[in-house]
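Top line first, the protein sequences correspond to chains D and L. Using my numbering, you'd call the opening residue of the first sequence number 6 and step up by one each time. Using my numbering, you'd call the opening residue of the second sequence number 409 and step up by one each time.
Hints are computed from structural coordinates only; laboratory data are not their basis. Heads up, the beta-carbon is just placed ideally off N, CA and C, and yes, glycines get one too. Certain hints may be false.
What the hints assert, rightly or not - One-sided excerpt, in silico: chain D residues whose CB lies under 8 Å from chain L:
1. Glu125
2. His126
3. Gln129
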Amino acid sequence: MRRRNFLALGSAGIVTAGTRNRTRLETSSCGCSFLPQAAGPLGLEAFADTNSGLKISGLKVFGVSLTPNSDRPYVFVKLETNQGLIGWGEGTLEGKAGAVMACINDFRDFLVGADPMQVEHIWQSMYVHSFYRAGPVIGSAIAGIDQALWDLRGKALGMPVYKLLGGPFDPRGVRGYYHIDGAGRERLAEIRETAREQGITCVKGGIPGYYEWLERRPKIDRAIKAIQLLREALGPDIDIAVDFHAKTSPSVASIIVKEVEPLNLLFVEEPCPPENVQAMAKIARRSTTPIATGERLIASYGCRELIEMGVVDILQTDINHVGGITALWKVAATANVSSISMAPHACEGPIGGLATIQVDAAMPNFLVQEICGQVKPNPTDKIWEEWLGFPAMRMVDGHFPLSEKPGLGFELSEASLAKYPFGGTRPMARVFHEDGSVAEW
Amino acid sequence: MNQITMQRRARLLAGFAPQAVQAAKPAALDITEIRHFPIREPVSGNRYSLLRIKTRSELTGWGECPYDPNTDTKTLESAWIGRPANGYATIPPSTPFRAALDIALLDILGKAANAPVYRILGGPTRSKVRAYSSPSAEDFPVAVIEVPKPVWRNQGKAYQNQILELANAVSPDRDFILTANGLLTPGDAASVGRSVESKHPLWFDEPCPHSNIDAVRKVANETVVPLGFGAGIEDPGIFQALLREGLIDLVRPEIGIFGISGTRRVAALAEPYYVAVAPRHNGGPVTTAAAIHIAASIPNFFIQHVPRPAAEADRAMRHEIVSPALETGKSGFLEVTKSPGLGITVNEAALEKYHAS
Chain D
6 MRRRNFLALG SAGIVTAGTR NRTRLETSSC GCSFLPQAAG PLGLEAFADT
56 NSGLKISGLK VFGVSLTPNS DRPYVFVKLE TNQGLIGWGE GTLEGKAGAV
106 MACINDFRDF LVGADPMQVE HIWQSMYVHS FYRAGPVIGS AIAGIDQALW
156 DLRGKALGMP VYKLLGGPFD PRGVRGYYHI DGAGRERLAE IRETAREQGI
206 TCVKGGIPGY YEWLERRPKI DRAIKAIQLL REALGPDIDI AVDFHAKTSP
256 SVASIIVKEV EPLNLLFVEE PCPPENVQAM AKIARRSTTP IATGERLIAS
306 YGCRELIEMG VVDILQTDIN HVGGITALWK VAATANVSSI SMAPHACEGP
356 IGGLATIQVD AAMPNFLVQE ICGQVKPNPT DKIWEEWLGF PAMRMVDGHF
406 PLSEKPGLGF ELSEASLAKY PFGGTRPMAR VFHEDGSVAE W
Chain L
409 MNQITMQRRA RLLAGFAPQA VQAAKPAALD ITEIRHFPIR EPVSGNRYSL
459 LRIKTRSELT GWGECPYDPN TDTKTLESAW IGRPANGYAT IPPSTPFRAA
509 LDIALLDILG KAANAPVYRI LGGPTRSKVR AYSSPSAEDF PVAVIEVPKP
559 VWRNQGKAYQ NQILELANAV SPDRDFILTA NGLLTPGDAA SVGRSVESKH
609 PLWFDEPCPH SNIDAVRKVA NETVVPLGFG AGIEDPGIFQ ALLREGLIDL
659 VRPEIGIFGI SGTRRVAALA EPYYVAVAPR HNGGPVTTAA AIHIAASIPN
709 FFIQHVPRPA AEADRAMRHE IVSPALETGK SGFLEVTKSP GLGITVNEAA
759 LEKYHAS
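I would like the entire structure built from these sequences, with the hints used as guidance.
What follows is the structure, given as C-alpha cells:
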C-alpha cells in the first residue's frame with residue numbers, strides 16, 4: 006500500500022499528496038462501509054447537466070515563513086483548473102501551520118475533479134462530511150480552499166468578488182485600522198499626526214502585561230492609565246479600539262471596562278476568552294463601551310449563541326479561520342439581524358486580507374477592517390508588495406481600496422514565495438505568571 | 409436588550425462613517441432605465457408588478473414583486489438610475505419594489521457574467537428543485553390540505569376528526585402539507601397538530617398567527633408536527649425569534665418581500681439551527697424563476713410552492729409572458745435552468761395585453 010507522501014516539508018515548503026490510493030475496506034468496527042470510490046468528488050453525476058465545464062485539476066499547499074522562526078507561517082492554497090485558471094486562498098492558523106497544511110491535503114478528494122463554481126456545495130461537503138464539524142484546524146483549511154474557489158469563480162465570471170456579493174456599499178473602499186501597540190506618549194503624538202495626514206480614522210492598541218483571575222490595584226490602575234493615555238495622546242477625533250486579547254477574566258475586564266467608559270472607545274476586544282458566551286455577556290451587560298469578539302469562532306454555527314442573545318456589539322470573525330468568504334458572509338448576514346456590526350480580524354498574510362475586504366464591501370453592517378500593519382509601512386508590507394506588485398492592505402484616505410480586477414484581484418507566482426521557505430510549525434507566545442502558572446495572552 | 413445595551417448600540421450606530429455613495433465613474437453596469445409593468449391575471453385577478461431594468465451596456469434585467477397601487481417608480485428611479493447594477497446587496501429594506509429590484513439586478517449580473525444567477529451566488533447546490541402546487545397536480549404530487557374554516561373560536565374533537573379524515577383520504581404513499589393560513593387559535597392549532605402528527609404531514613403551515621410568540625410556543629410544545637411560518641413577515645428578526653426558541657421547523661420568507669438575496673440571508677440565519685427554507689411565492693412566473701435560483705444556491709432548501717391558477721386562461725397567460733415554461737414539474741421537481749441570468753425571456757407585447765391598470 007502506497008502511503009500518502011503526507012507532509013513534504015521540503016525546502017520549497019510545498020505539500021503535495023501522492024497518487025490517490027483506493028483500497029476497499031469492507032466494514033469497519035463502527036459499521037461504516039467504505040466502498041470503492043470513483044475518481045473525483047462523490048455526487049458529481051447529479052450535476053452533469055449544470056456544471057460550468059471548469060474543473061479543478063490540482064491542489065497545492067504552501068507554507069511560507071517570513072522569518073525562519075515565525076509563529077505564523079502563511080498557509081497558502083493554490084487551485085489549478087483544466088482551463089488554466091488559477092485560484093489562491095489563505096488558511097494561515099497561528100501556531101498550527103503543519104496541521105492546517107495536512108488538513109487542506111485531506112480535502113484533496115473533495116476538490117480534484119469538482120466544478121469550482123459550486124463553492125457553496127463544496128463548502129457544505131467539506132464541513133458536513135468532516136463529521137466532527139469544524140474547529141480551528143478544519144475551519145482554517147476550509148477557509149483557504151474557499152478563498153481559492155472564490156478567486157477562481159471571480160476570474161471565470163470576469164468580476165471582482167465584492168461585485169458578485171452585491172457590493173460595494175462604498176466605492177471609496179473599506180474603512181480600516183492599523184495597530185499602535187506599545188507606543189508611548191511621543192510616538193502616539195506622531196501617530197496622531199500621520200493618521201491625520203493619511204486620513205486614518207481608527208487605530209487599535211492593547212493593555213500591558215498579563216492578568217490573574219482577580220487583580221491587584223496597581224495592575225488595574227496601570228491598565229486603565231494605558232487606555233487613558235491613548236485617548237489623551239491621540240485626541241478626540243480618532244476612533245480607538247482596545248484589544249484585551251482575552252488576557253483578563255470577566256471579573257477583571259468588567260472593572261477596567263467600567264473605568265474607561267468616559268473615553269468613548271470604539272470597542273473593547275475579547276475582554277475574556279471566547280468559549281463561554283454567558284461570561285462575555287456578564288461583561289457586556291454592565292458596560293456602555295461596545296464589546297467585540299469572534300476572531301477564534303468558526304462558521305456561523307460558532308457565532309449563533311452570541312448573535313441570537315445579542316451579547317456583543319461587534320463580531321470579528323477572521324476570514325482565514327471562520328471558513329472563508331462563504332462563512333464570513335453568512336456570519337455577517339446572521340449578525341445583521343441582531344444589529345451586530347462586523348469588524349473582521351486579520352493578522353495573517355495578504356491573501357486573507359484581500360479576501361476579507363471583498364466581503365466587507367458587501368456587508369450592510371460593516372464597521373471597520375483590521376490589518377496587523379502599522380501607520381508607517383514595515384518590512385512585511387514590503388514583502389507583500391514584492392509578491393503582489395502593489396501595496397496590499399495599505400490604506401488610502403483611511404480605506405482599503407477595492408480593485409476592479411476579477412476574483413480576489415491579484416496575481417502571485419510560486420517562485421516569489423520560494424524566497425521564504427517553510428520554517429516548520431512554531432508555537433505562539435507562551436507566557437506565565439510570576440509563580441510559573443499559565444497566563445493568557 | 410437592557411438600557412445599557414441600547415445606549416451602546418445607539419452610540420455605535422452613530423459612529424458609523426457616513427457611507428455616502430460618491431458618484432463613481434460611468435460604468436457598463438450603470439442603471440439607465442427602470443420601467444414598471446403592472447400585470448393582472450385575467451380570471452383570478454391576481455396582480456403583480458414586473459420591473460424592467462436596463463444598463464448602459466444595454467443589458468436588460470427582469471424582476472417581480474407584489475402589486476401595490478400606492479407605489480410608483482419615481483423614488484426608485486431617483487435612487488438607482490446611475491448606480492451600478494451589481495449593487496444588489498446595497499438595496500435598503502425600505503425600498504419600494506425592493507424584491508423586484510433585487511431580482512432584476514441579479515438577472516443583469518448573471519447576464520453580464522454569462523452565467524445563471526445561482527452560479528453567481530455559489531451554486532448549484534442541487535440539480536433539481538422539489539416543488540408543490542396548490543391545488544396539487546399530476547406533475548406536483550404533494551397534496552395540500554387546507555383546514556376547514558373554523559366555526560367557533562375554539563373547535564372541539566369533531567373538528568380534529570374532520571381534519572384527520574381529510575388526512576386519511578390521502579393515500580399513504582403521498583406526502584401532504586396541512587395549512588391553516590394562521591386562522592386557528594393556538595389551542596386548536598396544537599390539538600389539530602397533535603391529532604395529525606402520526607400521519608406524518610410534511611409540515612403544518614401557518615397553524616396560528618405568529619405575532620404572539622408565547623402562543624406559538626404552546627403549539628410547538630404540544631406537538632411534534634413540523635411548523636412552518638413566514639406569511640407577511642418583513643422583519644428577519646421575527647424568524648430569528650422563532651428560531652432561537654426552536655419554534656419553527658420550516659422558514660418561509662416571501663420572495664415578493666425579500667427578493668433573491670434577502671431570502672438567501674434568511675436562509676443563512678436558519679442554517680445554524682438546522683432549519684430549512686421553503687420560500688413563499690404567490691406571484692407570477694418571474695418569481696418562479698427567482699425561486700429556482702434561490703433553491704439552487706442555498707444549502708438548506710426544502711421545497712418551493714408554485715402558484716397554479718385554477719383557470720386555464722390564467723395558466724396560459726403565465727406561459728405567454730415568460731418563456732421557457734419553468735412552472736411545469738417533472739415528478740414533483742422543477743428543472744434548474746442553464747441560461748445566463750434568471751434564464752427567462754419576457755414577452756413585452758404580452759405584458760401590454762395583460763396590463764393591470
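Each hint, compared with the structure:
no., hint, verdict
1, Glu125, "holds, 4 Å"
2, His126, "holds, 5 Å"
3, Gln129, "holds, 5 Å"
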